[in-house]
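Visitor: Listed below, chain by chain, are the residues.
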Amino acid sequence: MFGPLTVKPKNSKGDKTGSWRTLLRPHYLHKNCIACRMCLMICPEGCVSGKEKNAFSLDYTFCKGCGLCADICPKKDIEMVSEESKREES
Amino acid sequence: MKEFLEGSHAIAEVIKSCQPGVISAYPITPQTHIVEDLAQMVSSGELKSQFVNVESEHSAASVVLGSSATGVRVYTATSSQGLFLMQEVVFNIAGMRLPVVMTCANRAVSAPINIWNDQQDSISLRDAGWIQIYAENNQEAVDFHLIAYRLAEDKRVMLPVMVCMDGFILTHGMETVDMPEQDKVNKFLPAYKPLYKLDTADPMSMGLLADPDYYMETRFALQETMRESIGYLSEISKEFNNVFGRDYKDLLVEEYQLKDAEKVIVAMGSVCGTIKEVVDEQRAKGKKVGLLRIISYRPFPYARVYEALKDVSKVAVLDKSVSLGAYAPIAVEVKSTFFGKKKSPKVISSFVAGLGGRDITAETIHEVFRRLSAKEVNFEFIDLKPELLKEEYGE
Amino acid sequence: MENSPLFKCGHTACAGCGQAVAARLVIESAGANTIIANSTGCLEVFTTKYPETAWGVPWIHSLFENSAAVASGIEAALIYLGKKDTTNVIAQGGDGSTGDIGLQAISGMLERGHDILYVCYDNEAYMNTGVQRSGLTPFDTNTTTSPVGALSSGNLRPKKPVPEICAAHGIPYVATASAGFPQDLIRKVKKAISIKGPKYLQIHVPCPLGWRHESNQMLPVAKMAVETGLYPLFEYEFGVITARKQIVPKPVEEYLKMQGRFKHLLNNPVEIKKVQDVADSNIKKYNLKLEAQG
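Residue numbers (the working numbering), protein chains in the order written: chain H, 43 to 132; chain U, 634 to 1028; chain S, 20 to 313.
Hints are all accurate, no fakes.
What follows is a set of in silico ranges between Cβ atoms, one per label pair, in the way DEER data are often shown: (1) 132/S with 957/U: 41 to 47 Å; (2) 847/U with 259/S: 45 to 51 Å; (3) 846/U with 149/S: 19 to 25 Å; (4) 1026/U with 70/S: 54 to 60 Å.
Hints in this document: simulated from the structure, not taken from any laboratory.
Since we're looking at a predicted model, the values are computed, not measured.
All C-beta atoms, glycine included, are put in the ideal place defined by N, C-alpha and C.
With these hints in hand, go ahead and build the complete structure from the sequences.
Guide: Right, here's the structure in full:
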């Protein structure tokens, strides 16, 4: 019986770590974005994507709400909002 | 082709014929001659392997782990303390199902430090998930390495194999060995084709964390493969005989003069050569004695041992290692073979001899047969020096 | 939605983990033609809990102290297979697996000249086991095994100089970096990867849980470590310092007050002075002070 534990990345869905957020979630204002990509670079999850100005978004399935993207944004174009606020995202 | 060779050199030659991609080892007596010879072969260009000179046995085992995971055939060798330093990696290699082949030049363990032969080192790693086969002489040691690669890399097995050979007695002993020809090796041992590997063309993660939901099945799979390997050993032995004309039967045990035997010694490794001589001598005098040699210690061939000994009246298990505070390691297996069985020897006595290189002579074996009486004994050390016990330990 | 292909979403690092930021930047900078050998530790646990993996590249974990040796084996196998020229090998682990239990294997890897980048994610304690001190824990840090008490103000010893130990091997490249300076980090990874031979990169990675700061404070904390001189950023090439990040030094108290692990020092000027001495010594040793312009 041969069965080592190995996983191919294509078969890994990842844990839905977005459920970890309890208080705040990042919200893109899409006003002053200069597409510097700092938010994409600093996200510990790697769940930010986008190329054009004011067109970045993130995957709330995985975002843990750490707030690093909002902290690093040089244009203050990401704000941390209450998890309950139900504001329309991306 | 028959050659008169030192055991270590013969091993280096057969490893060369197996063409491992990576060899890594750290020097320890009595393993050194093997890896010195391999280093020389790599240096001269006759062996196209990467030879990684590491800073410890822990790293030697880790290097071959990494290389094996990258999909190449690997080799390492060690002994005694070196094997113990490797221990953590040894378990890891088996758990990751990597077909590493290692020579263990069997040697006593510290303290006190002692470079001479017994089998305490590899015996102590019996639970690691490595197949362990023990050679009686250098012909076997050579042949068992070929069989080890074939077995380890078998897609049904994918377990590491440790070929155990008694330090100095075999590693430094000169014997005539029929060295396997390269074309026959190529026939018997095809190039290694890994089932899975670290490859940027098809990324994969190995060595993951398994929580209680997943861990236990990995250990079950190891145990199952061990059990199944009993059959694979016999199968590969047959193929070996077809190619090389040397018959190791089922590769689990060797029965020597067991027919009608009343007193039988069970032992493992080079000491069996001496035991065979004594058996012949006593048989010539009409005594019904015999030898059951264990070749595969892991997996342990319980069914074969049962068949071989079930009609024998008295069995002496001769261990060259101890499990301090318990019955000796091989004795434990032999005794448990017969628990609750219909047929069983009347006596299974356990003797320990040859620790730290103390010679096991013909007289030692005669003494074992003499002590093998109707009264079962355990923990009996043979060839102790009473005067030393008195002087040093006040006995 | 396109996420990072080499370090995927869904790993279980704590929110705001500096190591997760750095590890992602390392592999994204090194590229897909990379094989990683990872030591036991947070990074291993939070990225590869079966049946999930965050790694888009071939990745292996064996043990706590042997990733440098496993990587050596991978590299040797790649040479044998003729694939080394097209494949990068990275060995990586935390500060404990690097500077304490794995130091011997790393020294062996460096001395043997393998073409491997070793990356140490330095969060300055054994975080995976619950914040015990390591050889790289800074002076006066409160950890679970260097607790503050009547007779102690935390960890008794300064950080072990692992970059210098590595540089002493005369290897082509040794550098320190910080999760607080991601672009500098990316540059150093790319530079290291472009150099043949053994390389060592040590990255300062804040641990919100172990350092006791808010998860969104990862960047300011990391930056302040550099700006006080407590975590100097420099590069060694063949044993000689060739570059450093110069600073206008800020007092160490600015850094200490950001983190719970130094809270006990705040009303203790004697101990703060000792920490300041560590920073001043770094500033002098690495010539970190930016001279006033004009």
